[in-house]
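Participant: Note that the protein sequences, when read in sequence, are chains P and D.
In terms of our numbering, the first sequence has 1264 at position 541, counting the first letter as 1, and numbering is strictly consecutive.
In terms of our numbering, the second sequence has 23 at position 40, counting the first letter as 1, and numbering is strictly consecutive.
All clues stand as given, with none of them false.
Simulated restraints, written as ranges between beta carbons of each label pair:
(1) Leu1309(P) x Glu92(D): 47 to 57 Å
(2) Ala797(P) x Leu19(D): 38 to 48 Å
(3) Thr1104(P) x Gly89(D): 39 to 49 Å
(4) Glu1025(P) x Leu19(D): 45 to 55 Å
(5) Glu90(D) x Pro1207(P): 54 to 64 Å
It is worth saying that the hints were derived from the structure and are not from the lab.
For every residue, glycine included, the Cβ atom is placed at its ideal position computed from N, Cα and C.
Below, each chain spelled out in residue letters.
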Amino acid sequence: MCFGRRNSNIKAALSLLSPADLLSQTDKLFLKHLTSSSMHHYLVVLLVLSLSSCQASGPPVAPQQVGLEADQDAQCLSITWGGPNAPHYDILIWRSEFMVTVFNETVEAKPDADGRFRWNWTSEEPLECTSLSVTVRARSADEISDWSRPEILAGMDVPSKAHAQMYPSSRVVKVGSNTTFCCIIAEGDSFGMISYHARDMDFTRLSRRSYATTRTNQGPSATSGTNVVCSNSKTIVTGAVMFVGYPPQPSDLLCETHDLRTAECQWSAGPDTHLTGIKRRTYYALNGRNCSLAGGMLCGLEEWEGSWTLEAWNQLGRARLTDSAEMSHRVRPLSALSLVATVIHPWNATLQWAWPNQTYASLSLICQVQLISHWHPSTQTFTGAGLDRAVLSGLQPDEEYRCRIRCGSQRNFWKWSGWSPYLTFTTSMDRPDAPDVWVWMDSNSTGRIIWKPLTKRESHGQLSSYEVTLWSSEENRQRSHVLPQRTHSQAFSLGSPAAGVRVTITATNAAGVSPPATLGIPDYLGDVEVSVSRAEASQAGFPLSWTPPDNTSCDYLLEWHNTSCSQPCALDWTRLPAGATNTTILSDTDWFQPGVRYTFSLYSCPSQHPTLHQRWEAYMQEQAPSRPSPHVSSNQQGSGVLLTWEEVLLEHQRGFLLGYRVYLANASRLSLIANITDPSQRNYTVTKLPVGSYKFTVKSYNSAGEDGGSPAFISLDPYTDWLILEILVALGTMACFLAVVTTLCYRKRKWVKTAFYPDIPEPSLPGDWSMPQGTLDLKPSPHSMVHILENPEWDSKEALVTVPEEEEEEGSAPADTDEPSALRYYNQVVDQGMPRQRPAHLPDSSASSGSSVDSARTDVTYTGIQASAPAPQPQPPTGGYRPQMHPASPPASPPASVEQEQVGAEGPFGGYKPQCSWKMESPEEGLAPSLGSPTSVTSVTSSQFLLPDPDHQVKGQTSWFHSLLSGKP
Amino acid sequence: MAGMRTRSGRTFSGPSRTTLARVDAIALELHHECTLLLGLYRTKESFSPELTVGNGRPMLSMPPPSSQLSTRDKLWRLYSALLQCRGLLVRAVTQEEEEFGGGEGGEYESQRKTVRDRLGHLLDSMRRLLEEVEGAPAITANTESIEQIDGPTSGGAFELKLWIYRIFSEVEHWSRMTTATLRSIPLVMSTAGGRRAGKRMRRGKPK
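All chains, full assembly: derive it from the sequences and hints.
Facilitator: Pasting the structure below:
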């Protein structure tokens, strides 16, 4: 087999050569860029080819005359071959340039009439992207033929096609489909990127110049398609446009006739196909005849065929719709022409129109006339065969109307015709309606007649004037006034009682005078207490109900106005029929405002003699008071504060007041201290307040809330009664305390005495001290005597001179001096009589005595006692004791001078006087200085020892304190 | 209009200051409108403004601008280029609507119509200007050269879009060139500008 051998030789050579040897010199440059995957595929192909060549030594015979037919748009490659029949064939397809396998499968193929086999393969990439090589071999149960000679389908990237291209260049696909694009750059150019709708895509290199990318699930494109752009770094190299859309989906095919002869069919185009332009738009055909679509989805036929088929198609698909109907069921008249108003009256008008088709003359028609007056449309319907005129009723005088007409088939009604053009006409004038009039009394004899302006619907034409007439039945005379049409009130005064006066008013326009409106004059109720009820407003307005007056069949007039209005008061009213017991005044007008109190007055028999039947007050919506209570004042009343304020003005109440709240302001918050639920109470007393500054706030409140509050400041002064009470309490407390202390001291006097005035232990003296009265035979102790006698220089008398208590009292030394009186006394004597320095020859006992005097008065006292007790007798100059010469006579001069005089007059030893003269002393004078002083006590005690008082007078006079301290009675 | 002598020795009447200013204003407006149109087209077609089309080569083959040219020749060159631009623009609009449909009256289509109308207005003004310069009767447009300009190379939709894009760019280029050329006529413009400025200053001076 030449082919096989030759083929075998080629493959053997291929197997010996490296892949680079098989490529052209130019391709060698690109081989460097081959991926390992590409190399792998290449080696697999070579291996397969080598193996097949090795087995080609025997049958079966390889397929021959392999042919390739490419359908570029479908990306389909049809492979044909000849040769012996085999149950299976292996087909191998690879990209010629890079030798990358793209298909390698075993397929079944049967011969056609010419004995050739055919198998179709659809490529993922457009077939133009790069060259493809195809080879086929036969496969039986256990044998495989040689591969056929490879056939190459040349791509558009061959060197002869040097310019840049992109495939597919322009394609129409359905939404959601996937498309692979390849960009073939120009020879010598560089590749940059591929973008789909400005979005950069991943790409694959197919050949030296070809790059591919795949876009999946494509969305619908715009009218001019979706651009796929291949570019290098600076320039748009090439590109393609994808048109992604839907096949046509028309619906609602309906055919009808306008002239009872031809047919006109309409349909809906359905969803947007997103495909436009001559090449891609949807085309339609009705019963096989193309539709121009100049007027939209509309197609006409010259004859009524009874059934219709609509076909719609574009590049993505085709759709079909059908419809069928009898003509009588699909009649839709054409629009009426030449609409005119032939006759016009104040309350009606006649319209006439024409039909464009004479066939309507026998057609039973139903027509609608639409009337528009003041932007308010209304419709009137008319029927009749060949209807071409209609009388419009219910019109208003002197009113402009716009009208138009449309008609349909009365039998088997199908659709209305189109509206005719508008016709505008104005009705004639008529005399006005009677004005609605009411009277507002300012006093018993004056008032105003008020009437509502006549609306356009009531005036029936331009008004020229009003005429107001007052007729008094008692005076039997009338007064008339003609007023211009802009006037809507007239003041009047009465010379007679109001009950006999009637008011009549008429309006005049070009068409005539209105019927008269007559009214009686109500009584003035300004000074009369009238019971007023409160009415609750509802969502809709003010529902009012009343009990009808007995024996009356009159109608009513309900009047309302702002309760706090100033004269002249704006009024409104409404008339109610006789027998009415309730009504609701709607609040959805500008008349009523929230937070405003309105007074509603129901009058009966307004035409004869209006009588007030009932009165209400109401708010449309209550709001919190707008202003606080004025003039809040505060006055101190004892320990409390009286707060007073004035009533909130009515226009500021904005609701029915429910009371007041009194707050005490503490720093940044208010504390409620009183809630006054009686709105008429306008004072409050805050009691039991401590002295200080206070800020009170008074707020009025209603059901909607409370006002901002009025502050009142007060600073409470101290309360005089409290001051006195405090003083008394303090004094009482002190007195109680002293009493308790005194009682305690009395009861615990022993303890007090022990604690503060302990008993001085009595000296234990040898012998019996209880000798009889008289001259005591006092013998000094031997030691004392010795001391005294052995110290002639030292004047002991001077040391022991007793200073009269009077003198001591009058001494300049303070009583509370730290220096004890005995010590002072001693020092005095020493200072006067002897130098301070102690004689060196003094014996130890004397020295000890002297030191005792220096150191402690007790010792001095004991020394004195010890020295004097044994020797109470006056002693010759050798004695140291100095008696008191004049104890009873108070000193007339300071003690010091007295002492000096006594000393000078009587000598150092003269003047001794028995101590019996003590009874002359005043106990106070004698004891007072020594009270509480140990020295004095001791002195007294020693004096008693020395000069016991036979009468115990002194003891009796001075012992009360001792008794107190000792607890004895 | 005072007569002017060019370097070539020819004498022609100069354009009036008013006409020149009007043409300049229209050309400036056209340039602005073209810039807007190009922006809208780029947005519509998702073309990156950084990428050029057709290697930046002009579509029209016109003699290069030269200072040697007289004012009349300069104006003639501009007029000829703008005339070809209008022809191209009309072809572009027709082919675009035929290929891609349209007629919805979006912003792009409105701007495209504006440019076409403005270009026609500029051509009319240019023609009057040339008549003033030449003192000659109305000029007839030479449409032969327009038809000789190639359309899209391959007839594909993408090539048509690039071709339209290049035409818009061409109109923008020549409107810019018109403004620049009109302002490069020193004698007329400076005098006109100086007079205008002086007038404005006098008017604006407070009493």
